[in-house]
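From first to last, the protein sequence lines are chains A and B. Using this note's numbering, the first residue of the first sequence is number 1, and each one after it goes up by one. Using this note's numbering, the first residue of the second sequence is number 1, and each one after it goes up by one.
No lab work stands behind these hints, which were simulated from the structure alone. Be careful, since some hints might not be right.
[To be verified] No more than 27 Å apart at the CA atoms, straight line, and that leaves these computed lysine-lysine pairs for DSSO-like:
(1) B/Lys-22 - A/Lys-56
(2) A/Lys-70 - B/Lys-12
(3) B/Lys-47 - A/Lys-53
(4) B/Lys-35 - A/Lys-130
(5) B/Lys-12 - A/Lys-11
(6) B/Lys-12 - A/Lys-96
(7) A/Lys-53 - B/Lys-55
(8) B/Lys-55 - A/Lys-8
(9) A/Lys-70 - B/Lys-47
(10) A/Lys-52 - B/Lys-12
(11) A/Lys-53 - A/Lys-8
(12) A/Lys-8 - B/Lys-47
(13) B/Lys-47 - B/Lys-35
[Said to hold, decoys possible] Take a look, some chain B residues computed to stay more than 10 Å from chain A by CB distance:
(14) Met-1
(15) Met-7
(16) Val-25
Glycine residues also receive a C-beta, built at the ideal position from the N, C-alpha and C atoms.
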Amino acid sequence: MYNNMSYKTFKWVRIFMAMFIAATVSIAVTIENVYLALAAVIIGMISMLLIKKNVKEVLVDEMVNSIAGKSALMAYSIAVPVLAVLSLVFMFSNLKERGSDMYNLGIILSYIALGQMFIYSFFYYYYQRKYGRDGE
Amino acid sequence: MENKIRMLRAEKGMTQEELAEKAGVTRQTIIAIEKGKYVPSLELAFKICKVFDKKIEEVFNY
Chain A
1 MYNNMSYKTF KWVRIFMAMF IAATVSIAVT IENVYLALAA VIIGMISMLL IKKNVKEVLV
61 DEMVNSIAGK SALMAYSIAV PVLAVLSLVF MFSNLKERGS DMYNLGIILS YIALGQMFIY
121 SFFYYYYQRK YGRDGE
Chain B
1 MENKIRMLRA EKGMTQEELA EKAGVTRQTI IAIEKGKYVP SLELAFKICK VFDKKIEEVF
61 NY
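Looking at chain B on its own, in the form it has when it is part of the complex:
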C-alpha cells in the first residue's frame, strides 16, 4: 500500500507531530505509515484523509 501523506503534509506545511495530534495517534505511527511500514486501519485512514480534506483514493493507493 502506497500513500501520499508526506507530500500532502509538505504542501500544507504540517509537521508529523501536528498530523499525529489531529489524527489522534502517536508521531511514531505517522512515521511508520509514511515509510510504508505500517498499514493504517480504515478508521485511521479516513481520519488522515479528513485532515487533508481529500478522498481516500487521493491519499492511499493499493
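This is chain A alone, in the form it adopts within the complex:
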C-alpha cells in the first residue's frame, strides 16, 4: 500500500472523497435508495481512516487537540442551552395541544439536549478519572 503520502496529496484525496460521498448520496436520494447512501458514507469513512494512517506528516498534534477540545466545549456550551430553551418554547407554547407535531418536536429537542449532557458528563468523568482528579 502507498505508505508515504504527503499532506498535499492527502488534501486532494480528502476533497476527492468528499466529492465521491456527496455525489453518491445525491444519487441515492434521487433513486430513493437508503442503502446506497449508507454504503457511500461508511466506505468514505473507512477509506479516510486508512488513508490518514498512510500520511507521512503529522496531521494531529497537541495544539490541534487543544483547539478541538476548546471548540467542542464552546459548541457544547452553545448547543445545549439553545436546544433546552427551544424545547421549552415548543412544549410550553403547545401545552394545550399535547401530541401535536410542535409539542413532540419540543420533547425530541429536550431529549437531544439531555443526551448531549449525558455524553459530556460521561466523558468528563472518564477523563477526570484517567488524569487522577478523584481526590487522591
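Got chain A sorted already, so can you dock chain B onto it with the hints?
This is chain B only, laid out in the frame that chain A set:
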C-alpha cells in the same frame, strides 16, 4: 512564556518544517510557539530542547 526557538533554529539553519518533523508536530504548532501564541506541553518543550541539544531553561523563559 518567551522562547528562543526562532533564534536557535536560525543558528542551525533549520526550517520550521524540519523542526516540526523532528519534534513530531505540525508546522502550524511551531509557528504558534515561536510567536508566543501557544504554550507547548512539557513533553513537547523537552522534545524541542532535545532537537537543539539545549537545556529547557536555555530555550524557554517564564
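Here's how the hints hold up against the structure:
Between the alpha carbons of B/Lys-22 and A/Lys-56 the distance comes to roughly 13 Å, so the proposed pair stays at or under 27 Å and holds. Distance restraint check for A/Lys-70 and B/Lys-12: the Cα-Cα separation of roughly 35 Å exceeds the 27 Å cut-off, and the hinted pair is therefore not satisfied. A C-alpha spacing of about 23 Å is found between B/Lys-47 and A/Lys-53, which places the hinted pair at or below 27 Å, so the restraint holds. Distance restraint check for B/Lys-35 and A/Lys-130: the Cα-Cα separation of roughly 32 Å exceeds the 27 Å cut-off, and the hinted pair is therefore not satisfied.
Between B/Lys-12 and A/Lys-11, the direct Cα distance comes to roughly 31 Å. Violation of the 27 Å bound is thereby established for this hinted pair. The suggested pairing of B/Lys-12 with A/Lys-96 is violated, with an alpha-carbon distance near 75 Å, which exceeds 27 Å. Annotation: proposed proximity of A/Lys-53 to B/Lys-55 is violated, straight-line Cα distance about 33 Å (limit 27 Å). For the hint pairing B/Lys-55 with A/Lys-8, the CA-to-CA distance comes to about 35 Å; that exceeds 27 Å, so the pair is violated.
Distance hint between A/Lys-70 and B/Lys-47 is fulfilled; the C-alpha atoms sit about 24 Å from each other, no more than 27 Å. Distance check on the hinted pair: A/Lys-52 and B/Lys-12 sit about 31 Å apart at the alpha-carbon level, beyond 27 Å; violated. With a CA separation close to 15 Å, the supplied pair A/Lys-53 and A/Lys-8 stays within the 27 Å bound. For the proposed pair A/Lys-8 and B/Lys-47, the alpha carbon gap of about 26 Å is at most 27 Å, so the pair holds.
Of the supplied pair hints, the one linking B/Lys-47 and B/Lys-35 holds, its CA atoms being roughly 18 Å apart against a limit of 27 Å. Every CB of chain A lies more than 10 Å from the CB of B/Met-1, the least distance being 14 Å, so the non-interface label holds. Every Cβ of chain A is farther than 10 Å from the Cβ of B/Met-7; the closest lies at roughly 21 Å, confirming the non-interface assignment. The non-interface label for B/Val-25 is inconsistent with chain A: the shortest C-beta to C-beta separation is roughly 4 Å, within 10 Å.
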